[in-house]
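K.L.:
Listed below, chain by chain, are the residues.
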Amino acid sequence: DGGITQSPKYLFRKEGQNVTLSCEQNLNHDAMYWYRQDPGQGLRLIYYSQIVNDFQKGDIAEGYSVSREKKESFPLTVTSAQKNPTAFYLCASSPRTSGGTNTGELFFGEGSRLTVL
Amino acid sequence: RKEVEQDPGPFNVPEGATVAFNCTYSNSASQSFFWYRQDCRKEPKLLMSVYSSGNEDGRFTAQLNRASQYISLLIRDSKLSDSATYLCLHQGTGRRALTFGSGTRLQVQP
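If you read the sequences in order, they're chains A and B. Throughout the first sequence, residue numbering follows my numbering, covering 1 to 117 in sequence. Throughout the second sequence, residue numbering follows my numbering, covering 1001 to 1110 in sequence.
Think of the hints as simulated: they come from the structure by calculation, not from any bench. Careful: at least some of the hints might be erroneous.
Chain A stretches covered by chain B per the calculated footprint, using a threshold of three residues with CB under 8 Å from any CB of chain B [said to hold, decoys possible]:
1. 70 to 83
2. 104 to 117
Each pair of labels, with its calculated beta carbon distance range [unchecked claim]:
3. A:N53 x B:E1015: 20 to 30 Å
4. B:K1079 x A:N28: 29 to 39 Å
5. A:T5 x B:G1009: 25 to 35 Å
6. A:N28 x B:C1040: 23 to 33 Å
Even for Gly, the Cβ is constructed at its ideal location relative to N, Cα and C.
Make a model of the complete structure from these sequences and hints.
P.N.:
Structural data, given as structure tokens:
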């Protein structure tokens, strides 16, 4: 079945370490997104990518980095510069219309829970 | 002002009640709107798209009011299983990112 796979589901990290969260999709979607969610809060946009080899900062990009070398993959690195990295991280993708614009409908992975010890 | 704002709730309603949430947006050129449902510790799932003409899916009705810059979600005959957080999502022009509201928590009680 087509979908989005995030891994790992749970991750523990020591302070000062970088960690990379994987996001893979086989939906043939052009656009991919990373969101962060804190307890009792909504989703905040970290980075997004409309096409391979291109990505844009979202509202809270500081301390994070991404790459988009393949259409299927959009990994997120949480660097040691991120002051409060403990959160629920959600990856999503979005299809395009025949006219080339995003439909706006997001397909989510199951998320990755990062805890910094 | 935030791009998208929602009342966080919680909205505590009895089974069978009708409940409505609003989501206001600041960008008058915003194009697309959606309602998502998120269960505790799970990923959001699309509930319905919001069209200018309004749309209905069973007990759920979504409306867009461009003049007042808000979208609404109406749930009739609430079920216990409707308990969740409801997030609005919008896509503005000039930027292709999709922005969520902070969510409104609904608790339907027996």
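K.L.:
Each hint should be assessed against the structure and marked as holding or not.
P.N.:
Each hint, compared with the structure:
1. Residues of the region 70 to 83 of chain A with a Cβ under 8 Å from some Cβ of chain B number 0, which does not satisfy the need for three, so the listed coverage is violated.
2. For the region 104 to 117 of chain A, the assignment as covered by chain B holds, since 7 residues bring a beta-carbon within under 8 Å of that chain's beta-carbons and 3 suffice.
3. Take N53 of chain A and E1015 of chain B: their Cβ atoms lie about 52 Å apart, and the range 20 to 30 Å is violated.
4. Between K1079 of chain B and N28 of chain A the C-beta distance comes to about 35 Å, which sits within the given range of 29 to 39 Å.
5. The given range of 25 to 35 Å is respected by T5 of chain A and G1009 of chain B, whose C-beta atoms sit roughly 32 Å from each other.
6. In this structure, N28 of chain A and C1040 of chain B meet the distance hint of 23 to 33 Å, their C-beta atoms being roughly 31 Å apart.
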